[in-house]
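Student: Residue-level listing of the chains:
2 protein chains.
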Amino acid sequence: MSRVFNFSAGPAILPEEVLQQAREEMLDWRGSGMSVMEMSHRGKEFMSIAEQAESDLRALLQIPDNYKVMFLQGGASSQFAMVPMNLTRENTKVDYINTGSWSKKAIAEAKRFATVNLVASTEETRFTTTPGQSELNLDPGAAYVHYTPNETIQGVEFPYVPETADVPLVADFSSTILSRPLDVSKYGIIYAGAQKNIGPAGLTIAIVREDLIGNAVENTPAMFQYATHSENASMYNTPPTYGWYLAGLVFKWLQQKGGLAGMAMINRRKAEALYKAIDDSGFYANPVSPDSRSWMNVPFTLNDAGLDGKFIEEAGAAGLKTLKGHRSVGGMRASIYNAMPEEGVQVLIDFMAEFERVNG
Amino acid sequence: MSRVFNFSAGPAILPEEVLQQAREEMLDWRGSGMSVMEMSHRGKEFMSIAEQAESDLRALLQIPDNYKVMFLQGGASSQFAMVPMNLTRENTKVDYINTGSWSKKAIAEAKRFATVNLVASTEETRFTTTPGQSELNLDPGAAYVHYTPNETIQGVEFPYVPETADVPLVADFSSTILSRPLDVSKYGIIYAGAQKNIGPAGLTIAIVREDLIGNAVENTPAMFQYATHSENASMYNTPPTYGWYLAGLVFKWLQQKGGLAGMAMINRRKAEALYKAIDDSGFYANPVSPDSRSWMNVPFTLNDAGLDGKFIEEAGAAGLKTLKGHRSVGGMRASIYNAMPEEGVQVLIDFMAEFERVNG
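Chains as they are written, first to last, in full-length UniProt numbering: chain A, 1 to 360; chain B, 1 to 360.
Take the hints with a grain of salt, since some may be wrong.
Lysine-lysine pairs mimicking DSS-like chemistry, simulated, CA-CA at most 27 Å apart [to be verified]: (1) K186(A) x K44(A); (2) K252(A) x K276(A); (3) K44(A) x K310(B); (4) K186(A) x K276(A); (5) K105(A) x K276(B); (6) K111(A) x K93(A); (7) K104(B) x K186(B); (8) K111(A) x K104(B); (9) K93(A) x K105(A); (10) K186(A) x K93(A); (11) K276(B) x K252(B); (12) K105(B) x K44(A); (13) K44(B) x K310(A); (14) K105(B) x K93(B); (15) K104(A) x K44(A).
Hints are computed from structural coordinates only; laboratory data are not their basis.
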């Protein structure tokens, strides 16, 4: 079959131009006679790829000079442990905000290493809202505040950046990084699994303010210390080189799309069109409070859940794939990351209208 | 330029047939309309890829049923911590054999978590030998014995499997796994970074006997517990899906080459031919004791080290790449993993003879 519109929450759709370039360079990267996968990570060819990718990411996000950028392995699930292991040597009190499934996983892991103060939880709204700044029960003596700006499963997103004064703010940006401009200087640590908006699974990016590096708790594995990776420019051990290369191709693609300001306009249009189609229908529904709706992950239900299977099947036949909602939420979920073209969202909206006409 | 012969120690050469297949399937895996990179790891397409790869690996290595196979991230460097963190809850005495640079790294990391007994060390021979069974000062009360069957940097390899009675034997097989048949039942844990003989960097395979799973020391991060990955079939978090897929292609390629018995014959011929060329020359030298020479990593020096730069430059011009020795050893190193064709070794041997004729 020809290329489909893939609404997977992650691993997720990648820009077709990026995949085409990767295909062209698969057996011979720019006259080197090797695939990028085959290159020594310490050779001049891969070093040039690695440095260009970091430089482009720094430019896209306007990362200040006092932040290190690390290209790691292990996903957000490893960061859930690395954050407390690196930040609680002198102070084990930590603040967490609970806004959904990924917040809960981060909190459960932090409890192995620290005393977690639950700053706010929206569990009573079934994670359909975000807490306001005034509702955050922040501890000014905490080692850090952790939150999840966008919950991939619930499709709920903070409409603001929490203000935490002198306490470092740590954020799991896996599902929204690079979807719009971001003020890195407001954060102590930003981390993101690559498999949604950056590249393939197996690469994790961490952006860490320098003063937070080098203070891991005793007996933290070398691979879980930010200092290890910072001091070795992410080459303490062999990094996930092919993922790093593909991320670099995505960064170049983003530059061609007008950078993050350009992506923000496109992403806003995609999200607004899809939410409008849902809200106007009377047949589809999204449970999230309008001020906290995700630009990236759009869960929706049908009035008659008995039609879910038919919707998935017919959407799939129309080339609209991976729309089944997460098992914990049910219904459907359309993840519309950077790489999902506006055309894909429009085809989905048209399909939804036709499905409603026949079945509504 | 056309494809080169790449002697990199890792990331390393991959079979050209595998790269060609990956290229063909890059934008559309078998009619799915997606790249493998874009697939949900929980979808039926990727699940079929994942299960086939594990099944093929089990068949190649004849892995007994009481061993779990895990497709992980983090490289051998993460295993250096995971092994003691998972095996020393009740007994912190551990045995390590030191035969080179990677043994030393494993030992340094283990010391964070356990009391290391150095069973044997070949440092006094500058790591040009392996200790015999009778030289191993094993502690029958140790939690495990760790060794490095092949040292990538020194090019030294055990000609036998240490006998450790009831104490589990743990081995870092990163540089020789799949190069020949292996009796998995002799080991408690086998682990290997993929980037030498399996696939791209960023994938790590661990083969763990079931009785060694589920006993991690307190406060081990979830991602560093074998139980986490075993209970979730390596999908506790998003695995490195593209590396897993490529490893599967490599496993199929190995089957077509006659499996590990077939590879053993080819690899033996390659190694014997290259060592013979070195030993017969009087111009090149390999310092390793003949009974402990690696089949995969062949370091060699020139009589006149002042010619090293010229050798590297002219070899590169002849399409023989990444031959520079590790900085800690100097000289040259030819890594001749499974994917290096016999032709590549012969071209190197011919080049070496001609270089000697002109410069010797």
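Student: Hints broken by the structure, by number, lowest first?
Tutor: The structure breaks hints 1, 2, 4, 5, 8, 11 and 15; every other hint is satisfied.
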